[in-house]
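Protein chains in written order, with numbering that gives the first Met the number 0: chain A, 0 to 365; chain B, 0 to 365; chain C, 0 to 365; chain D, 0 to 365.
The reader is advised that the hints may include incorrect statements.
As the list makes no split between identical chains, a pair holds if one copy fits it or if it spans any two.
The calculated DSBU-like cross-link candidates involving lysine-lysine, where the alpha carbons are at most 35 angstroms apart (straight line), are [as the list claims (entries may be wrong)]: (1) Lys360 to Lys321; (2) Lys307 to Lys53; (3) Lys307 to Lys361; (4) Lys360 to Lys307; (5) Lys59 to Lys361; (6) Lys53 to Lys360; (7) Lys48 to Lys307; (8) Lys361 to Lys53; (9) Lys53 to Lys321; (10) Lys167 to Lys321; (11) Lys361 to Lys167; (12) Lys307 to Lys167; (13) Lys321 to Lys361; (14) Lys59 to Lys360; (15) Lys48 to Lys321; (16) Lys48 to Lys360; (17) Lys307 to Lys59.
These are calculated hints, taken from the structure and not from any lab test. Given the structure is predicted, the values throughout are model-derived calculations rather than measurements.
Number of protein chains: 4
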Amino acid sequence: MAGSSLGNIFRITTWGESHGAALGVVIDGCPAGLSLGLSDIQAYLDRRKPGQTKISTPRKEDDAAEILSGTFEGRTTGTPISILVRNTSQRSGDYGEIADCYRPGHADYTFDAKYGFRDYRGGGRSSGRETIGRVAAGAVAARLLDECGIRLTAYTKSIGPISVNMDKFDRQAILTTPTCMPDTEASVQAESYLADCMRSYDSAGGVIECVISGVPAGLGDPVFEKLDAALAKAVMSIGAVKAVEIGDGVEAASRRGSENNDPFRVRDGEIVKTSNHAGGILGGISDGSDIILRAHIKPTPSIFSSQKTVNRQGEEIDLAIKGRHDPVIVPRAVVVVESMAAITIADALLMGAGARLESLKKIYGR
Amino acid sequence: MAGSSLGNIFRITTWGESHGAALGVVIDGCPAGLSLGLSDIQAYLDRRKPGQTKISTPRKEDDAAEILSGTFEGRTTGTPISILVRNTSQRSGDYGEIADCYRPGHADYTFDAKYGFRDYRGGGRSSGRETIGRVAAGAVAARLLDECGIRLTAYTKSIGPISVNMDKFDRQAILTTPTCMPDTEASVQAESYLADCMRSYDSAGGVIECVISGVPAGLGDPVFEKLDAALAKAVMSIGAVKAVEIGDGVEAASRRGSENNDPFRVRDGEIVKTSNHAGGILGGISDGSDIILRAHIKPTPSIFSSQKTVNRQGEEIDLAIKGRHDPVIVPRAVVVVESMAAITIADALLMGAGARLESLKKIYGR
Amino acid sequence: MAGSSLGNIFRITTWGESHGAALGVVIDGCPAGLSLGLSDIQAYLDRRKPGQTKISTPRKEDDAAEILSGTFEGRTTGTPISILVRNTSQRSGDYGEIADCYRPGHADYTFDAKYGFRDYRGGGRSSGRETIGRVAAGAVAARLLDECGIRLTAYTKSIGPISVNMDKFDRQAILTTPTCMPDTEASVQAESYLADCMRSYDSAGGVIECVISGVPAGLGDPVFEKLDAALAKAVMSIGAVKAVEIGDGVEAASRRGSENNDPFRVRDGEIVKTSNHAGGILGGISDGSDIILRAHIKPTPSIFSSQKTVNRQGEEIDLAIKGRHDPVIVPRAVVVVESMAAITIADALLMGAGARLESLKKIYGR
Amino acid sequence: MAGSSLGNIFRITTWGESHGAALGVVIDGCPAGLSLGLSDIQAYLDRRKPGQTKISTPRKEDDAAEILSGTFEGRTTGTPISILVRNTSQRSGDYGEIADCYRPGHADYTFDAKYGFRDYRGGGRSSGRETIGRVAAGAVAARLLDECGIRLTAYTKSIGPISVNMDKFDRQAILTTPTCMPDTEASVQAESYLADCMRSYDSAGGVIECVISGVPAGLGDPVFEKLDAALAKAVMSIGAVKAVEIGDGVEAASRRGSENNDPFRVRDGEIVKTSNHAGGILGGISDGSDIILRAHIKPTPSIFSSQKTVNRQGEEIDLAIKGRHDPVIVPRAVVVVESMAAITIADALLMGAGARLESLKKIYGR
């Protein structure tokens, strides 16, 4: 319980169900004086909006945000920022038939096991629409980081068997391809793969990568609040994520130390690493290199072919899911991963502000 | 800062440096009435003790624990359990030479960047010895889980290129092989691989898997406190872990939905899954199947061949590390992964106790 | 920062400014299965609504609540309950003149000192309207406590020099007198005293008492999370509260031990205290007697006589406050004190659910 | 449960029982670079040490502290500071007789109600010795505050009916009188009153005041983390405290607004208040004036005259307490109140470091 908040100082609390009246987020602890407007929020929300391409659910939602508190004359005041998005396209009728049964790969059974009953309409709180609050908060975090010279870039790295060719990396393509891949060729192949999935009433997964640049060395804490640990939690808390890697991740485990260590050198008077296997974090603390992470996303569990499952009465049944579902979650999850990373870095920035006596004295003019 | 605590109700706080007077942990929130003795703690600590095999550091430490509070007449009282381990084999002289330089793959540079200076002796707080507190707490958590019918089994899944054959799974071997592999044949091959690494002044990484059985369906929370998110944070917070997978993890991303969904069926009146790609967690909540996770561990950064790096004065130097170091961290980290998983599940058990009004009434007899 | 949340498991987050679009609260961690409707919330909000009597501000607000999430078919689902109240009677014009000056007894100066600027309209986040979120959450907590046999009764104990005669205690009068005093005679005297204050452009303070009955022995924790400590924080966090007492409070300090100790006896097979100087809490843990606390409220700082103060430019000025203000805050704060107490007890109930191994086993059927 | 930690960034965790092996504290989140030695800690601990005067328990304890981690070459490193004090004068035999009975005014009954059993030796975790960890942490917090120009002065304001005459305030007397009163005449009278209490096998309570000067305006947060709310919790969490006042406290409730508001003026280019009824906090945020608080302490519950109570078997008995007990807790609690205030202010200082975007940029050089 009480699991709807994240962060220590930059602290977000999301709420809302897929087919309830609205969804939203409260962002507490954002520093005062940050320029912030509705368009900053809306630009992020639009990146996760459904109904925009052939490979996302045809459910149409405006997902129009309203800022209810925490800003004054275009700047944050230091008090909680409450952001609300009304649900407008509920078609609960679609879900009546599954009110009573446990969809494979979904949280229907586990919600019932935990709470005794559930809001079954569209998955309720376990719906992907829950990420609206995350993305609205991510937009605020990204604004704060931008002021501090920190920028995030997330993109689809692969869908099913189709991977991006990083030599053809095209930042613009992230926002223009329906797959959010930074490689238009790979994107075309992925679309074709997805079309094939849809024809066979099936779905696909994929991998999202996020690069965070401009992070000063020294963010994050030793032990349990390591920056990579906080990132892993934030990213793994996105529904459908089944693995998180930092830097070379899984590959590091089969390497030798001499291959995996990143040498330090001096460039223009700054200490830098000449490689970045570590992904920008050493001992849980940022080292000044780009922070690099990957989220592995399972295929959409809602598929239209028949599946074996059980209903609330404990009877074995065959289930054919109807409704409106994405054949792949990955493209719409790109901005969610970026948002969770931004929120985590923003909190680390604030938590670390008084790490040294000398910075504390500087702030308070003592 | 303040990153040395983990958990909400079952809450641990570790402290101590590699070459300080002692290391320890305070475990707050453990329920009263649990039978707990020093031998329960020591058995866990002995599994991570150095100097036991050819493939671990020759530094000899007794790592003898003392329970200073929180138990009375052999049972926990509900008050904080403080456990202390004195350091006895400090040879700080070994480290004098690196006081001033930044070892590649270590946290020397990042600690300096964060705090302005550091306790350089043996890595200080970023040393592997920091895990002593985690393992002592893990022993307490495992005792609690055991009373609730929950058991954890962690083991080495691979070292460098050598992987366990799961068809030859031998639980006993986990405690008897120097690699903690559950497959004696693979273990012999891994030892040979490690001997080769050592001959070339190099080191190796590997993969640890942990299986948690007997977890009731319904543990963990939706959204940010998903059970898999909490596990990812706990495991990623172990130094040297670079990736965490739940269930099929990385592999799930390249599968189709029809391959990845686990059907529900009824067996002996219980709802069960007939496969377990999900690794025992759906929507962040346990589903009653085994929880399965993997930690990918980087090769030991302390290698004895010469490396390029920089010192505190910003001069480029060649560094040859001396001292006592494990050629592979994996075998000694097995019990650390198991401990972090146990601590996380114990907290989820306590956090979820009042998830339903009816359980709350039951507890308070209302 | 990040100070807008309270509680560990039953955790509330409030947001909103006096003259912003809306105010609200997110209640996370409420157990599933609790019957809860809009009327439960509205009944509490109506008790703090302005414009109802001669002794409250003439500002008229409907304070109509909307439940946006967390309930389904009339019951809580265990997911966050988001409650919203739109502001409808903003007259910011009234406040333009004080945008630039520091009202004595208000938070204008301290907000500027902390954040560099502030939303000055109606006090922004430091306005009494901030308590709307607290009261909405208090209504939910009270519903939960009611199911567990715990009832709260708060009332005005004194206004200025006029105190209630507890021998004439009339529970009904709390809801019918404009002062919320449980003694109609004292209430008439207090109204007369307040009329006098208003004639001299002045204001009054007073004391609120809250009695919580039916609390099982064993709630609260030793050390920092003592139940009285948590109550003290919750109640002192209400703007204008300057002192909090538990049980005999201030009077206990001048007594002797033999006068202050409460003897234990047995009544109908139950261990009870024959007096209750302690106010229902011993060593930070509830003892089964009524919990009794008092909040001392300062006089409304907004007075209409001229006051010496300073403006943002650091110039000394004379200030005559205009606008709509309560001559006394106490009656409208009664339900706020009751709400804060309810929220605190609800959290203690949930935090303590697993205090003993045997209760934990009972919940999970192990 | 899990109630043994306090603070958000400057976070302390205490542990230990009266008659266990040792007591201690872990202080996490203290900034790096603070000069700190054992003598800083010991000086504070010596102020609460028993056996020093006729009016404190004859139990003799050295209370010698050991710093086990977190400092290096005389300075804090930013990692957790673990401090340990061994118990040396346990005489558990004294307590055998009360193992089975519930002492009035003590936590024996409530611990049993909560946990099912208890460590009865000397009150276990509910003993006054629990404050050792608080005071050791308070010493560290006071060191940090001192570097930032913040100083705390706590003293006994009254014992039983004897109050200090503030016109005769003598700071030196706080450390030299056995009562910790800043007025030697009042102290002599209080000693005489206490002698009378002891002759009649009785005990006394009293009031402690704490003044915190040099606090910059802008510390603390609106809403739930108001600085006065945090102080109230910290101080009320000390066993035996029954009321907490800020500024004029209880008296404010019977005043008029025109008497209670503090005018702002300009002195030497600084905005100041010309009176300080508010006690240095407005809207939960420090205003730059002295912060003033008072703790009201109940009389020692351990009295040597016969009392009516009940034993664990539910039988009514007459109890005559033996052992070694203070006739008044107040003088030894003075440093505890000062410590809790210091810890709270230190945390507020760290929490507020990034309240404005401009300070955040300053710290990170952006």
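Here is what the structure says about each hint:
no.: 1; hint: Lys360 to Lys321; verdict: neither (61 angstroms within a copy, 39 angstroms between copies)
no.: 2; hint: Lys307 to Lys53; verdict: within (28 angstroms within a copy, 51 angstroms between copies)
no.: 3; hint: Lys307 to Lys361; verdict: between (64 angstroms within a copy, 33 angstroms between copies)
no.: 4; hint: Lys360 to Lys307; verdict: between (64 angstroms within a copy, 33 angstroms between copies)
no.: 5; hint: Lys59 to Lys361; verdict: neither (51 angstroms within a copy, 44 angstroms between copies)
no.: 6; hint: Lys53 to Lys360; verdict: neither (56 angstroms within a copy, 43 angstroms between copies)
no.: 7; hint: Lys48 to Lys307; verdict: within (31 angstroms within a copy, 48 angstroms between copies)
no.: 8; hint: Lys361 to Lys53; verdict: neither (54 angstroms within a copy, 47 angstroms between copies)
no.: 9; hint: Lys53 to Lys321; verdict: within (17 angstroms within a copy, 59 angstroms between copies)
no.: 10; hint: Lys167 to Lys321; verdict: neither (38 angstroms within a copy, 43 angstroms between copies)
no.: 11; hint: Lys361 to Lys167; verdict: neither (46 angstroms within a copy, 38 angstroms between copies)
no.: 12; hint: Lys307 to Lys167; verdict: between (43 angstroms within a copy, 32 angstroms between copies)
no.: 13; hint: Lys321 to Lys361; verdict: neither (60 angstroms within a copy, 40 angstroms between copies)
no.: 14; hint: Lys59 to Lys360; verdict: neither (52 angstroms within a copy, 41 angstroms between copies)
no.: 15; hint: Lys48 to Lys321; verdict: within (20 angstroms within a copy, 47 angstroms between copies)
no.: 16; hint: Lys48 to Lys360; verdict: between (45 angstroms within a copy, 33 angstroms between copies)
no.: 17; hint: Lys307 to Lys59; verdict: within (30 angstroms within a copy, 56 angstroms between copies)
The earlier numbered hints that this structure contradicts are 1, 5, 6, 8, 10, 11, 13 and 14.
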